[in-house]
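Chemist: Starting from two chains that each stand alone, build the complex the way the hints lay out.
Residue numbers (the working numbering), protein chains in the order written: chain A, 9 to 173; chain B, 31 to 209.
Keep in mind the hints are simulated off the structure, nothing from the lab.
Treat the hints with caution; some may be incorrect.
[To be verified] DSS-like cross-link-like pairs, simulated, lysine-lysine; straight-line CA separation at most 25 Å: (1) A/K104 to B/K160; (2) A/K104 to B/K203; (3) B/K203 to A/K102; (4) B/K179 to B/K45.
[Claimed, not checked] Covered by chain A, per the in silico footprint, the following chain B stretches (three or more residues, Cβ under 8 Å): (5) 40 to 48; (6) 172 to 183.
[What the hints assert, rightly or not] Simulated coverage check for chain A against chain B, where a stretch passes if three residues somewhere in it have a Cβ under 8 Å from a Cβ of chain B: (7) 27 to 38; (8) 107 to 117; (9) 126 to 132; (10) 135 to 144; (11) 156 to 165.
Ideal Cβ positions, reconstructed from N, Cα and C, are used throughout, including at glycine.
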Amino acid sequence: MEHPDQRLFDDDLLSVAFRTGVISGRWERSDGGLPPAELVWPTVVFWIAAAPRAGAPDRFFVRLDVAAYRSVPPTGRFWDPATKAMLEFANYPKGKPGSRVAMVFRTDWGESGRAFYHPYDRVAAQSHAQWATEQPHLVWDANHTIVDYLTVVHGLLNSGDYIGV
Amino acid sequence: MASQIEIFVHGQGRKASVVAASSDETLRAVLVRAGIITAGEAGEVLVFVGECDEALREADDVEDGADQHAPVDANQTLDGLGVRAHHHVHHHRCRHVAVDVNFGGQTKHRRFSPATTIAVVAAWARKKFKLDPVSASEFRLQICGTTDKPRDDVHLGELVEAPKCAICFDLVKEVTPQG
Numbered sequence: 009m010e011h012p013d014q015r016l017f018d019d020d021l022l023s024v025a026f027r028t029g030v031i032s033g034r035w036e037r038s039d040g041g042l043p044p045a046e047l048v049w050p051t052v053v054f055w056i057a058a059a060p061r062a063g064a065p066d067r068f069f070v071r072l073d074v075a076a077y078r079s080v081p082p083t084g085r086f087w088d089p090a091t092k093a094m095l096e097f098a099n100y101p102k103g104k105p106g107s108r109v110a111m112v113f114r115t116d117w118g119e120s121g122r123a124f125y126h127p128y129d130r131v132a133a134q135s136h137a138q139w140a141t142e143q144p145h146l147v148w149d150a151n152h153t154i155v156d157y158l159t160v161v162h163g164l165l166n167s168g169d170y171i172g173v
Numbered sequence: 031m032a033s034q035i036e037i038f039v040h041g042q043g044r045k046a047s048v049v050a051a052s053s054d055e056t057l058r059a060v061l062v063r064a065g066i067i068t069a070g071e072a073g074e075v076l077v078f079v080g081e082c083d084e085a086l087r088e089a090d091d092v093e094d095g096a097d098q099h100a101p102v103d104a105n106q107t108l109d110g111l112g113v114r115a116h117h118h119v120h121h122h123r124c125r126h127v128a129v130d131v132n133f134g135g136q137t138k139h140r141r142f143s144p145a146t147t148i149a150v151v152a153a154w155a156r157k158k159f160k161l162d163p164v165s166a167s168e169f170r171l172q173i174c175g176t177t178d179k180p181r182d183d184v185h186l187g188e189l190v191e192a193p194k195c196a197i198c199f200d201l202v203k204e205v206t207p208q209g
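Same shape as in the complex, but just chain B (with noise of 0.2 Å):
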């Protein structure tokens, strides 16, 4: 028997939204129906499930890394793709987010799935560079030529828009407030 749900949508150049569905819904009519996408572009929209974080697990002596997290087939139900209550639903036009990250003069790259969140992309990088784990914490993700530190909880493929795919982060040790 098909369950009612709340499931949390994500997506390029905009903010997480949470969508009431059935579990025998397709997704494709769950995003087109809360307006996410509509029924014309949704065979250009890539479909992920979960939030990825594949990165996690790379060994440290891999260079140029790249997630396999691959999108699904929206046309399936969601009961078919296992997408259960409060699950993470990625909607992107890029494939990978191409994100380098600068830190001590140095450079690392890697293509990460849209569904990866800036605490899996700051953790790989503290890892990357070796930085010490007790002190790895102090360091944070800030987008290059800018201020902006996004929160742990945002997912990559809300910062980038097709086509361009890439994004670029300096690894920065946040500031400890005095005076």
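Excised from the complex, chain A in its bound form (with noise of 0.2 Å):
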């Protein structure tokens, strides 16, 4: 049976911002390489498009936890579909130093690179209490959609300050 939270999710992924970034290329939904029975909820996996760099591919995947949708903030990392596993650190996108791709995907942080170091995600943000007034327009709120979070890391991934692989 559909969990209320799963029924909420599956309603935005209908939305005509979903389905826009859809049919403009700039993410869509996948199975990572997963069959259905290990890619149950609350994990999902999306590919999300990326600037054209040197050796680097056009897309990477994200694989999140998007448990109590939309109350609480998805959370999450790179993931690889060809091993199924997380993707190694080497492998992730790169920003120039000191910009906020470099930040937001680091991987030297406190929680060992468990989750993107941003405000809306929910490792992140449990983390860093002072976002919340430093920025104030990230913080996460059940207004919030997978759109936003889909929204920043496309930003990111098409960045003049990101730099490939």
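Modeler: See the structure below:
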């Protein structure tokens, strides 16, 4: 039986905002190379398009835990559908030193790269209470949807500060 | 033969919605049937087809420009208007949305179609203020007097309601998470 949070999530995948992203090639839901039995709620996978960079893929996969969607923010990190495991840090997208791209995709913080270093990520937000006052526009609430999360990652992967892998 | 399609409908003061329609229906009938406009107000509402990106092609030396994107005759069928599956339709009472963007002590003005995305307005503003293209995407539009930064896919018309057909933004650098 579908959970209430899953129903809300599925509804948001039917929204104009999400579908416009799919149609324009910005993102799409994926099975991440996993059989259905290994991809059970609240785990979801998406691919997100990246700007062309020499030697880098044209898209990255993210595996997210969206439990209690939208009440609490998702959390997740990059995924490798070829190995069916979290993406090796060496293959993470990189940003110019000191850039927002580099900070959000950093792998050297307290959670050992277990989550994106951004206020929209549940794990990062919980361990950085000060972000709520420093970046009030990025405080996740029930008006936010998966599109907000995907938009942030897509924006970073298409930023001039993104330099490849 | 008529085909069944879904179109994406945007408008003032509401979130965009998916509406099912038949290609041989008039656009007005589709909007009334979906409860987006009432039959009585139909004559007062302007309907735009497609998202407008004219500002991206505006010459750098143009000041106070305006979009030509014109409302359509909603009494025509979707087929007649060239509305296909997943096309965007925008209904609004404002012909244009007057936009002010502040940055570095300067203000740029332009009148946009309500069916213009925030992404287009932001790209226009970054170009007008001659931001370095590499770092430009780090600068976003924030509604003046707030901390609200509308997402790129939002239409300008969703942010304003007639009779106030105007909005002001500050162009601000996105905050890098620290700590």
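Chemist: Establish whether the coverage given for the segment 40 to 48 of chain B by chain A is satisfied; the threshold is a Cβ-Cβ distance below 8 Å, and no fewer than three residues must meet it.
Modeler: With 5 residues closer than 8 Å to chain A, the segment 40 to 48 of chain B meets the three-residue bar; holds.
Chemist: Can you tell me if the segment 135 to 144 of chain A counts as covered by chain B, using C-beta to C-beta distances under 8 Å and a minimum of three residues?
Modeler: With 6 residues close enough to chain B, the hint holds.
Chemist: At a Cβ distance under 8 Å, does chain B reach at least three residues of the segment 27 to 38 of chain A?
Modeler: Per the Cβ count (4), the hint holds.
Chemist: Do three or more residues from the segment 172 to 183 of chain B put their C-beta atoms closer than 8 Å to C-beta atoms of chain A?
Modeler: holds (count 7)
Chemist: Check, residue by residue, whether the segment 156 to 165 of chain A contains three or more positions whose beta-carbon lies closer than 8 Å to a beta-carbon of chain B, and give the verdict.
Modeler: Answer holds; 3 residues pass the 8 Å Cβ test.
Chemist: Measure nothing beyond the straight line between the CA atoms of A/K104 and B/K203; if it is 25 Å or shorter, mark the hint as holding.
Modeler: holds (16 Å)
Chemist: Hint check: A/K104 vs B/K160, CA-CA at most 25 Å. Holds or violated?
Modeler: holds (21 Å)
Chemist: Mind checking, does the segment 107 to 117 of chain A have 3 or more residues with a CB under 8 Å from chain B?
Modeler: holds (count 4)
Chemist: Tell me if the straight-line CA distance from B/K203 to A/K102 falls inside 25 Å.
Modeler: holds (20 Å)
Chemist: B/K179 and B/K45: Cα distance at most 25 Å?
Modeler: holds (16 Å)
Chemist: If you count the residues of the segment 126 to 132 of chain A with a beta-carbon closer than 8 Å to a beta-carbon of chain B, do you get 3 or more?
Modeler: holds (count 3)
Violated hints are absent here; each numbered hint is respected by the structure.
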